[in-house]
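S.K.: Got chain A; can you put chain B on it based on the hints?
Read top to bottom, the protein sequences are chains A and B.
So for the first sequence, the numbering used here puts the first residue at 3; every next one is plus one.
So for the second sequence, the numbering used here puts the first residue at 3; every next one is plus one.
Keep in mind the hints are simulated off the structure, nothing from the lab.
Hints may be right or wrong, so weigh each one.
Heads up, simulated DSS-like pairs for lysine-lysine below, C-alpha to C-alpha not over 25 Å straight-line [stated by the list, open to error]:
| no. | chain 1 | residue 1 | chain 2 | residue 2 |
| --- | --- | --- | --- | --- |
| 1 | A | Lys15 | A | Lys5 |
| 2 | B | Lys18 | A | Lys256 |
| 3 | A | Lys123 | A | Lys145 |
| 4 | B | Lys18 | B | Lys213 |
| 5 | A | Lys245 | A | Lys5 |
| 6 | B | Lys5 | A | Lys5 |
| 7 | A | Lys5 | B | Lys256 |
| 8 | B | Lys25 | A | Lys123 |
| 9 | A | Lys25 | B | Lys25 |
| 10 | B | Lys256 | A | Lys213 |
| 11 | B | Lys256 | A | Lys256 |
Protein chains: 2
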Amino acid sequence: MNKVAIVGTGQTKFSKNEGNVEKLLFESSNNCIQSVNDCNLNNIDGVLVSTNNNSKYLGAILSESMGIQPKISHSIEHLCSSGTNAVISAYAYISSGLSDIVLVSGAESATNPGQVLEWDKSRGEFEHPIYWGSMLTKSHKRKFQTTEEELAIVSAKNHKQAMDNPFAYSNEPRTILEVMNSKQITDDLRILDCSRSCSGGASILLASEEKARTLSDQPIWITGIGQKTTSASFTKNILEDIKSTRLAADSAYKMSKIESKNIDVAEVHDAFSVCELMAISELGITSNDKSGEFVRELFNTENRMINPRGGLIGAGHPLGATGISQTIEITNQLQGKSDRRQISNAETGLVHNMSAAGTSSSIMVLEN
Amino acid sequence: MNKVAIVGTGQTKFSKNEGNVEKLLFESSNNCIQSVNDCNLNNIDGVLVSTNNNSKYLGAILSESMGIQPKISHSIEHLCSSGTNAVISAYAYISSGLSDIVLVSGAESATNPGQVLEWDKSRGEFEHPIYWGSMLTKSHKRKFQTTEEELAIVSAKNHKQAMDNPFAYSNEPRTILEVMNSKQITDDLRILDCSRSCSGGASILLASEEKARTLSDQPIWITGIGQKTTSASFTKNILEDIKSTRLAADSAYKMSKIESKNIDVAEVHDAFSVCELMAISELGITSNDKSGEFVRELFNTENRMINPRGGLIGAGHPLGATGISQTIEITNQLQGKSDRRQISNAETGLVHNMSAAGTSSSIMVLEN
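If we strip away everything but chain A, and leave its shape as in the complex, we get (with noise of 0.2 Å):
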């Protein structure tokens, strides 16, 4: 198997704007290419695109409009974690000896219409994912004592990390008493625990080993990857935990050699501000019931080990350029190139992504 590098990475300004899904596409990958070491797009033979946009032919559009002619190119979606499957699967193509240099490209427009399911519908399950935000609220809150205060710091740790990513869609700090005392949509999430749907493009350009020594000074291995996809609806074990993350983590950390302990920084999903206390137990890097002590203690000492661009709650949710932006801000932790958000010798790093109600997980260790 060849190894597999990150070597160049662009986003766009995440906003609630109406963006035009080919726009951003554009704009983002641009900004990738931008911030290679002359990269001769004759040699990117794999476009992959990352979105929930009901446009098609995106991979053949976006090679176009970039002037790529590539061998591989198509669009993936798979909701929330659409971004991390286009990039675990541009790692295959690579991996497989098909491609060397694959650009992937993710994008979604605040105008999109909602992810209703037909399928939900028909099974009487709930229509908007707020519904099962706020189940497994109530379900934390009861089995591990978790208390408003530790959800809220959540979402305060988060919109205050983003105030220093000039990409996010929030730009304004929370306090924990605004997060607590915001809009109530249902008896246990408010407004302020919720990330926002956006407009938005995250691009990021991998390479086997042998190009991505000459396309980076500082190449970011993916050393390992897990997934899993245990249903596709909101079930009772659901609200138990997020198995599929904690299967995609058992996979990822054997892949990679790495055990919990070693992660220096983590991106990880957090839909609603309950994600980020039982992703972080899942990964191993807590437990459920010192979850919310664990974030107090970040957001106390200024820690930004967890969501350092301000997770999906503070940078904003953009479903196919979340994975792919979660990625990003890895690389740039772990090249260093973090600027005010920078982790202090970050070696190993790992994005965390799901889908409805977790009911599917993406799990990728980076190394430098």
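M.R.: Relative to the frame of chain A, chain B by itself:
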């Protein structure tokens, strides 16, 4: 690199009935699993869906419906060639070692909204494939003195061959005269020159060499892969030839170490009758100026070498299922399981699929 084999196949009938994409995915997947020796669903670690349908999270929905909890699942879209892209993606996952056994399932509903690209509209491009089909036909007639009768033979041949395909959309033989007298759509195209959108599902199971030996007595090996995207929209370049097919074929032949003369049977993308003539030329099976004559000879001698299942014109064109159905046909031919459609002593086969006026192509060489 791990070798990759096709170890199971399953389809639904292609029809004009309104199809539910989730049901079509399930039905063909179920038929596929039934075709495999003692397949333990717990061992399937990838589920890839190919479709142009706007429903989301179908990889997880199909997995839950089937009782599979894979590592990898997502949807892949690349217009007409979504299916071959998904098969090649599965190849990459297995070859890279990220996965051992992958189910690839494609489906389309006849009620799916048409594939009009907003991007084409914004550029003043043709909104419907019929226009580029017509221009390709006009160009071929002018450049290679191709006659209307030769074009009609493609359709008559494929309709005839579809009569022996129980899953085909068409169940009517069509004479050359019937094709030539069918309803005129443009100056250069009649209705029977065109493939039909329809409902249908097709699934295959792929496995690593180690797993393939236990799952099938007749694994069929993917020995060559070639892909190319030259642009996204119809360009002058396209009128001259289908460059993406020629370049993809070069890669596939090189990887598999075969030449075009070694091909015993091929499924090629005949969205319009002229496409079959162009495809067999770009694949090196004949040349453009002799392609009409070549197809006439096949028709007169009842040689089913090209499009034995009836091609897109005879079998129907449910976009997401097409490439997978083509792959199934070649697999079954190489296994000697094609009943009345069987090519004798078929050992090497080829699958050719393309999208949007041949702006991208995917090719696979299969061997038994």
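S.K.: Hey, Lys25 (chain B) versus Lys123 (chain A), does the alpha-carbon distance stay inside 25 Å?
M.R.: Holds, at about 15 Å.
S.K.: Compare the distance between the alpha carbons of Lys18 (chain B) and Lys256 (chain A) with 25 Å, and conclude whether the hinted pair is satisfied.
M.R.: violated (49 Å)
S.K.: Against the 25 Å threshold, does the CA-CA distance of Lys256 (chain B) and Lys256 (chain A) hold or violate the hint?
M.R.: violated (36 Å)
S.K.: Does Lys5 (chain A) lie within 25 Å of Lys245 (chain A) when you go C-alpha to C-alpha?
M.R.: Answer violated: Lys245 (chain A) to Lys5 (chain A) is near 29 Å, above 25 Å.
S.K.: Would you check the hint for Lys5 (chain B) and Lys5 (chain A), treating anything up to 25 Å between C-alpha atoms as holding?
M.R.: With Cα atoms ~19 Å apart, Lys5 (chain B) and Lys5 (chain A) stay inside 25 Å; holds.
S.K.: Against the 25 Å threshold, does the CA-CA distance of Lys5 (chain A) and Lys256 (chain B) hold or violate the hint?
M.R.: Holds, because 24 Å separates the two Cα atoms, which is no more than 25 Å.
S.K.: Hey, Lys25 (chain A) versus Lys25 (chain B), does the alpha-carbon distance stay inside 25 Å?
M.R.: The given pair, whose Cα atoms are some 35 Å apart, is violated under the 25 Å limit.
S.K.: Mind checking the alpha carbons of Lys15 (chain A) and Lys5 (chain A) for me, to see if they're no more than 25 Å apart?
M.R.: violated (31 Å)
S.K.: With a cut-off of 25 Å on the C-alpha distance, tell me whether Lys18 (chain B) and Lys213 (chain B) pass.
M.R.: violated (37 Å)
S.K.: Below or equal to 25 Å on CA atoms is what counts here, so check Lys123 (chain A) against Lys145 (chain A).
M.R.: Violated - the C-alpha atoms of Lys145 (chain A) and Lys123 (chain A) are around 29 Å apart, more than 25 Å.
S.K.: Keeping to a limit of 25 Å between CA atoms, is the pair of Lys256 (chain B) and Lys213 (chain A) held or broken?
M.R.: holds (22 Å)
Violated hints, in rising order: 1, 2, 3, 4, 5, 9 and 11; the structure is consistent with all others.
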